[in-house]
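Going by this note's numbering, the sequence shown opens with residue 1, and the numbers climb by one from there.
Each hint can be trusted.
Simulated crosslink set (DSSO-like; lysine-lysine; CA at most 27 Å straight-line): (1) Lys73 with Lys36; (2) Lys81 with Lys36; (3) Lys44 with Lys81; (4) Lys146 with Lys181.
Ranges between beta-carbon positions, derived for each pair: (5) Glu232 with Ser169: 17 to 27 Å; (6) Gly160 with Ile53: 33 to 43 Å; (7) Asn106 with Ile243: 39 to 49 Å; (8) Ser99 with Ile53: 19 to 29 Å; (9) Asp129 with Lys170: 18 to 28 Å; (10) Lys142 with Gly57: 40 to 50 Å; (11) Asp157 with Asp129: 19 to 29 Å; (12) Asp124 with Lys36: 45 to 55 Å; (13) Tyr130 with Thr49: 34 to 44 Å; (14) Thr49 with Gly152: 38 to 48 Å; (15) Gly160 with Asp124: 17 to 27 Å; (16) Gly152 with Asp122: 32 to 42 Å; (17) Glu186 with Tyr153: 11 to 21 Å; (18) Ile53 with Ala135: 35 to 45 Å.
Don't read these hints as lab results, they were simulated from the structure. Ideal Cβ placement from N, Cα and C applies to all residues, glycine included.
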Amino acid sequence: MTRILSSLFLLTTCFWFTTFTSANEGEQTDAQEYAKWAQNTWEKMNRQTGTIILPNGVATLNVPNDFYYLSPKDAEVVLVKFWGNVPGDTTLGMLFPASYTPFDSNAWAVEIDYEEDGHVDDEDAADIDYDDLLADMQSAVKEASKERVAQGYESIDLVGWAATPYYDSKGKKLHWAKELKFGDSEDNTLNYNIRILGRKGVLTMNFIAGINQLPQINNQLDTVLTMASFNEGQRYSDFDPSIDNVAAYGIGALIAGKAASKLGILAGLLLALKKFWIVIVAGFVGVFRWIKARFN
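All chains, full assembly: derive it from the sequences and hints.
If you want it as structure tokens, here you go:
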């Protein structure tokens with residue numbers, strides 16, 4: 001049953017929606033019209049469970065009933081129209097816990113993508129000192145932040161690991177989380193990442209969440225990790241050195257930023273944050289989760 005939105009929240013919805021969409025849509029939309037559009041759009045979305053072959057055909061999701069999957073088309077609506085991200089980047093879809101919709105202020109999601117940069121050699125995984133890696137990354141972020149501020153952007157600080165990197169050498173699955181601080185924001189940002197290594201590239205699963213949602217994500221991490229797997233012929237073990245390319249980076253550079261060896265450690269970090277810039281800066285203090293009601 002749909003809950004009724006308060007007048008104050010409708011006004012807030014209208015303000016933020018028109019601020020971030022008028023340039024693209026060319027017209028103003030009042031809050032009631034937007035709420036009606038959002039409800040209709042949400043009800044038409046196909047929230048999928050079960051076995052789902054991802055659009056690029058290289059991997060499959062097995063989504064349990066306590067989660068649901070949104071297609072790339074629906075995911076783009078969520079990211080751009082609901083959450084205010086800049087359009088242009090496409091994904092392989094999104095995962096949500098079944099108890100949340102994109103409109104819930106405490107919702108979190110997992111964005112799915114694939115990077116075919118070659119077969120990632122994992123021989124360096126056991127030799128990585130993550131404390132040293134973090135110190136290098138923090139130093140790089142500090143230097144890059146000075147340039148950001150000079151260009152008129154908020155400063156950025158890598159506070160530390162929110163979850164220390166862990167690599168499952170058998171399952172070829174890597175996960176880690178960074179805690180970031182933007183400007184003078186009272187709420188730090190969570191940047192939680194999963195990478196699954198395949199024959200020709202890496203399946204990426206990035207959590208879109210606030211730092212206060214870390215306990216929930218930790219509780220669901222194993223479930224999310226087991227959902228995705230490469231299809232036959234695309235698995236890590238299917239690598240053929242005679243015909244397949246090898247990536248120019250290993251596990252350490254994958255964590256720090258895959259192009260670290262050429263572009264500097266921060267490059268990959270900022271690339272990972274690019275899609276969710278607006279959401280990361282303000283979304284997790286409730287600004288861009290415009291509609292509080294849950295549409296069932």
